[in-house]
Amino acid sequence: MKVNNLFLVGVAALSLGMTACNNEDVPPVNNPGEGTTFAGMYVSAMKDVSTRAVNDNQEDYGGRTEESKLTELQLLSNVLSQTWTLGTVADETGKFWETQTAGTFKVAPWKTNPGLQSMALLFNKGSLSADIATAADKTHGSTATAVNDIAALATDNKFVMTSKAEQKTIAPGITEDAAKTGTSEAQNVFSFDVERVVAQGLVAKDATLEENTADGKGKVDLTDIKYTAINGAAKTYLFRNHAGKRTIGDADGLYEGFVSAIDGYSDFEAAKEPEGSAKENLIRLGNLLSKDNPQQNDLGMYAAKNAAANASEAKTCRY
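For what it's worth, my numbering labels the leading residue of the sequence shown as 3, then goes sequentially.
Rather than coming from a laboratory, the hints here were simulated on the basis of the structure. Any given hint might turn out to be false.
What the hints assert, rightly or not - Restraint-style ranges between C-beta atoms, simulated for each label pair:
hint : residue 1 : residue 2 : range
1    : 188       : 312       : 51 to 59 Å
2    : 311       : 182       : 24 to 32 Å
3    : 235       : 71        : 45 to 53 Å
4    : 183       : 104       : 16 to 24 Å
5    : 46        : 157       : 19 to 27 Å
6    : 83        : 259       : 41 to 49 Å
7    : 255       : 214       : 55 to 63 Å
Claimed, not checked - Calculated pairs, DSBU-like style, for lysine-lysine (alpha carbon to alpha carbon, straight line, at most 35 Å):
hint : residue 1 : residue 2
8    : 97        : 247
9    : 219       : 160
10   : 237       : 207
11   : 207       : 113
12   : 182       : 71
13   : 237       : 170
14   : 281       : 166
We put the CB at the ideal spot given by N, CA and C, even for glycine.
All chains, full assembly: derive it from the sequences and hints.
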């Protein structure tokens, strides 16, 4: 392509010289890689902690500040994809920055083309990759690579966050200033909500936890307690198109409209069967052990962990 460009420039120069034209005779040409109109965006990193507790001992915890740290934002698009990095002040070219509303970010305007456009956002993507054409139903994870799959969604003390894949109509003739100061889609300013793809759970020992002795004559304070998660889903949808609303139903305890990536699996009674249908749907110890290393115990987030001594300690742990 570089050779062709040089050749075309040379031909243009020769033509101008032979016809004695000046620059005023050359019509402006738009760079097809930049677009002809501007767009802007607001992003809300949702932190809804109003979910219903399943028992009196459960509380919702917003997480540590570093867990919500955002460093890079990628816009997937079928027209012109973009990438921004975190800025330190407002209105930096090629940056996004936090507004005065905590958890809400603004993105520097970018050039794009008018018309219908598919869009999806990916924060802290790390090694992940996605295509806008398949984003709405893209799944991530498998039983064979469970440890690495989970790690890819929560690496470097940051969580991958995504939006829904949506279609937006880009208006023509929007200036950079209009996209910078606008607040509506009529001005090509779009709003997206993003959430973590995975969640972190905390387990702590209750201060009064004790158990009766075998002879029933006394009680023993329980210490050195370990826990682990079992039978977790082997895969998840990467984007929020199947996440549903943040309203929990009383009947099933699920988010309204939520559909999991293993929603078709229902054979939980037979989950213990080594070669049963659970093998391709749930992450179990047997899936991860190899014949060469039958004593493997490094199972990522499914390894046995020490329960924290109390809730305050649990909030400082990260496994």
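We went through each hint and held it up to the structure:
1. At roughly 52 Å, the beta-carbon separation of residue 188 and residue 312 lies within the given 51 to 59 Å, and the hint holds.
2. For the pair residue 311 and residue 182, the beta carbons lie near 50 Å from each other, so the given range of 24 to 32 Å is not met.
3. The hinted window of 45 to 53 Å between residue 235 and residue 71 is violated, with their beta carbons roughly 26 Å apart.
4. At about 22 Å, the CB distance of residue 183 to residue 104 agrees with the hint of 16 to 24 Å.
5. About 23 Å separates the C-beta atoms of residue 46 and residue 157, a value consistent with the hinted range of 19 to 27 Å.
6. Against the hinted window of 41 to 49 Å, the Cβ-Cβ separation of residue 83 and residue 259 comes to about 28 Å, which falls outside the hint.
7. Against the hinted window of 55 to 63 Å, the Cβ-Cβ separation of residue 255 and residue 214 comes to about 31 Å, which falls outside the hint.
8. At roughly 30 Å between alpha-carbon atoms, residue 97 and residue 247 fall within 35 Å of each other, so this suggested pair holds.
9. A threshold of 35 Å between alpha carbons decides the hint, and for residue 219 with residue 160 the separation of about 49 Å lies outside it, so the pair is violated.
10. For the hint linking residue 237 to residue 207, the alpha-carbon distance of about 30 Å falls within 35 Å, and the restraint holds.
11. With a C-alpha separation of about 54 Å, the suggested pairing of residue 207 with residue 113 is violated against the 35 Å cut-off.
12. Annotation: proposed proximity of residue 182 to residue 71 holds, straight-line Cα distance about 24 Å (limit 35 Å).
13. Restraint check for residue 237 and residue 170: the C-alpha separation of about 28 Å stays at or below 35 Å, so the hint holds.
14. Distance hint between residue 281 and residue 166 is fulfilled; the C-alpha atoms sit about 29 Å from each other, no more than 35 Å.
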